[in-house]
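A.B. asks: Whole structure, please, built from the sequences with the hints as guidance.
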Amino acid sequence: MKNVLRNISLYISFIIASIKEMLIYRLDCIVGILSQTLTQVVEIIFIWIVFQNTSNLAGWSYEQILLLYGITLMSISVCSFLFDATYDLGPVFIREGEFDKLLLRPVHPLISVLGSSKDFVSFGYLVIGLIITIMMFTKLAIPITFWLIIKLLFFIIIGGLILGGIETIFSVAAFWTYRSNEVVWTFYRVYTLTQYPIDIYSGFVKILITFILPFAFVAYYPTMDYLGFNKYMIWLSPIVAIIIWIIAIGVWNWALKKYRSTGT
Amino acid sequence: MAIIEAKNLVKEYKTIIKDKGILGYIKHLFKPKYEKFTAVDGINFEINEGELVGYIGENGAGKSTTIKMLTGILTPTSGEVIVNGLVPYKSRIENNKNIGAVFGQKTQLWWDLPVIESFRLIKKMYKIPEGEYRKNLKKFTELLDLEDLLEKQVKNLSLGQKMRCEIAATFLHNPKIVYLDEPTIGLDVLVKENIRRFIKNINKEKNTTVILTTHDVKDIEEVCDRIILIDKGKIIFDGEKQKFKDNYGKNIKAELIVKDKVGNMAEKINSENFTITEESNELIKLKFSHEKTTIMNVMEEISKYCKVLDIHMQESELEDILKEIYKKG
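Taken in order, these protein sequences are the chains called S and C. Numbering follows this note's numbering, in which position 39 of the first sequence is assigned residue number 174; successive positions increment by one, without gaps. Numbering follows this note's numbering, in which position 227 of the second sequence is assigned residue number 983; successive positions increment by one, without gaps.
Think of the hints as simulated: they come from the structure by calculation, not from any bench. In this text, a Cβ means the ideal position worked out from N, Cα and C, and glycines have one as well. A hint or two may mislead.
[Claimed, not checked] DSBU-like cross-link-like pairs, simulated, lysine-lysine; straight-line CA separation at most 30 Å: (1) C:K908 with C:K862; (2) S:K253 with C:K763; (3) C:K883 with S:K236; (4) C:K883 with C:K974; (5) S:K253 with C:K908; (6) C:K932 with S:K392; (7) C:K763 with S:K393.
[As the list claims (entries may be wrong)] Across the chosen pairs, the derived CB separations fall in these ranges: (8) C:E903 with S:D163: 38 to 48 Å; (9) S:T321 with C:K1079: 45 to 55 Å; (10) C:V766 with S:K392: 45 to 55 Å; (11) C:E1080 with S:G232: 49 to 59 Å; (12) C:K997 with S:I382: 47 to 57 Å; (13) C:V843 with S:C164: 42 to 52 Å; (14) S:I269 with C:G887: 43 to 53 Å; (15) S:C164 with C:E768: 42 to 52 Å; (16) C:E1080 with S:R230: 30 to 40 Å; (17) C:P788 with S:K392: 15 to 25 Å; (18) C:K783 with S:M270: 24 to 34 Å; (19) S:I269 with C:K770: 33 to 43 Å.
[Unchecked claim] Covered by chain S, per the in silico footprint, the following chain C stretches (three or more residues, Cβ under 8 Å): (20) 818-832; (21) 859-866; (22) 1041-1051.
C.D. replies: Right, dumping it as structure tokens:
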């Protein structure tokens, strides 16, 4: 436990260093946030167009879908900020030989990789997600109580951790395929599925994103709770997050061991 | 007591064999063929605390692979390695606390931040006590002349400035062992001097063990006491620097200042015992081996054709010796 705390404390130091580095490039930062925000606006327009022709999607109304969308966006923002550096594992660290340098530190290399994150453009997601969520709570006449805020905050972070854990598992592929980053890209393609209620998907996709890659626990089940549809599944989210991270760290250590014996 | 021990250390790599052309690539996709390549082939050595060892060899001789096994980055295929009582590839993180390393051009500093920020992060990573950190920082700043660099962003430093900071960062946590892989590559003479002086200074004061791999023979000449020479994955020499010279440096160069020379010396003298490498009317340069002849015999032969006024003799330098060895290999 002491070890875990120490690693987290080092991770925070690395992230602070990264933020300082990022702040030096103010323009990059602002342009990044603006462009990310724009992509989301386009997505929302897309949802709006869909609802011009239909009043509900698999039993979900326009406002309910946007609420799910807003909450997902906030979890994605948390995940991007904390864990998107895993995307660099192949192209930046392993391919350029920087990874060996991390192996010389008295710290688990995963901490060093995660701590090198510079993805602060995701703050744009957080802001849009928050605006949409508040608007939809108001429209759906769900009272924003203190308890709801606490719950929202907690489950957004849990959602980010689940996404980050899955991303970390995917990132392991980079130890072998460091020339291409297709595997991590697949992660990005799959996780956009979570922005819509799983009820609209077929049986296979439903099973995939509930049990195999438990994206449904990121925002879908928490939103079901806020809407009063399902009061129980939400409490599985933290357990899913813990399981995902135990698997992620295990898989990572296993891959690291393989990598060190082949020495690519 | 030995601080580093390597016993029958072996590292094999798999390399891919591909047939030529696009067809070869497609074939490889379905039925990959591999070939074994032995980078380090059963090496043995012991290094004691406080030793300054030059680990040398040609490119691809197995130097970096050895260092990577000593630091625990790579797991050996077979054999044993014990560093400071630990097996590095098993307890890598524990081992990392006691070592420092510079790998060529790769920096361990945070590229976009001022140098001092990197030092602070290193302090945190290695849990360096405040007092120790201040003491080292002050001392290193003085020795490596870092005063004006600490507040600068790493990316704005010149190569020499960066390497000085890099060296300071490596020694900041008082490592027991430091691996330096090409620490002086691409640096100017003054910076090289500065870094060599620093390494010797810290070694003397803190008894730090230093393993240095380099292609700059002057680094070894000035810093190291002991040489380990590796070739094609095998150690071909391990011992004191002077012994290395005695073993391999049998060639002696001599310069003779002469007068009243008659004709071309190289044509007239056809001795097996020495070779004339250069000659003019006043100067003859020649090479001979200790094993075959002495300077007196050479003189006798030469003075048949001219008057010798003065002699300069020179033992082979490390660089010449290495050239000879590499050429033969």
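A.B. asks: Indicate, hint by hint, whether the structure satisfies it.
C.D. replies: We went through each hint and held it up to the structure:
1. C:K908 with C:K862: Measuring from Cα to Cα gives roughly 18 Å; hence the hint holds.
2. S:K253 with C:K763: Violated, at about 44 Å.
3. C:K883 with S:K236: 19 Å, holds
4. C:K883 with C:K974: 35 Å, violated
5. S:K253 with C:K908: With Cα atoms ~21 Å apart, K253 (chain S) and K908 (chain C) stay inside 30 Å; holds.
6. C:K932 with S:K392: 26 Å, holds
7. C:K763 with S:K393: 23 Å, holds
8. C:E903 with S:D163: 38 to 48 Å: 32 Å, violated
9. S:T321 with C:K1079: 45 to 55 Å: 53 Å, holds
10. C:V766 with S:K392: 45 to 55 Å: About 18 Å separates the Cβ atoms of V766 (chain C) and K392 (chain S), which means 45 to 55 Å is violated.
11. C:E1080 with S:G232: 49 to 59 Å: Given a distance of about 33 Å, which is not inside 49 to 59 Å, the answer is violated.
12. C:K997 with S:I382: 47 to 57 Å: 53 Å, holds
13. C:V843 with S:C164: 42 to 52 Å: With Cβ atoms ~45 Å apart, the hint holds.
14. S:I269 with C:G887: 43 to 53 Å: 51 Å, holds
15. S:C164 with C:E768: 42 to 52 Å: About 47 Å separates the Cβ atoms of C164 (chain S) and E768 (chain C), which means 42 to 52 Å holds.
16. C:E1080 with S:R230: 30 to 40 Å: 38 Å, holds
17. C:P788 with S:K392: 15 to 25 Å: Check passed, 22 Å falls within 15 to 25 Å.
18. C:K783 with S:M270: 24 to 34 Å: 59 Å, violated
19. S:I269 with C:K770: 33 to 43 Å: Given about 57 Å between the Cβ atoms, the range is violated.
20. 818-832: holds (count 7)
21. 859-866: As far as the segment 859-866 of chain C goes, the hint holds, because 4 residues have Cβ atoms under 8 Å from chain S.
22. 1041-1051: That given contact is violated, which follows from only 0 residues of the segment 1041-1051 of chain C lying within Cβ reach (below 8 Å) of chain S.
The earlier numbered hints that this structure contradicts are 2, 4, 8, 10, 11, 18, 19 and 22.
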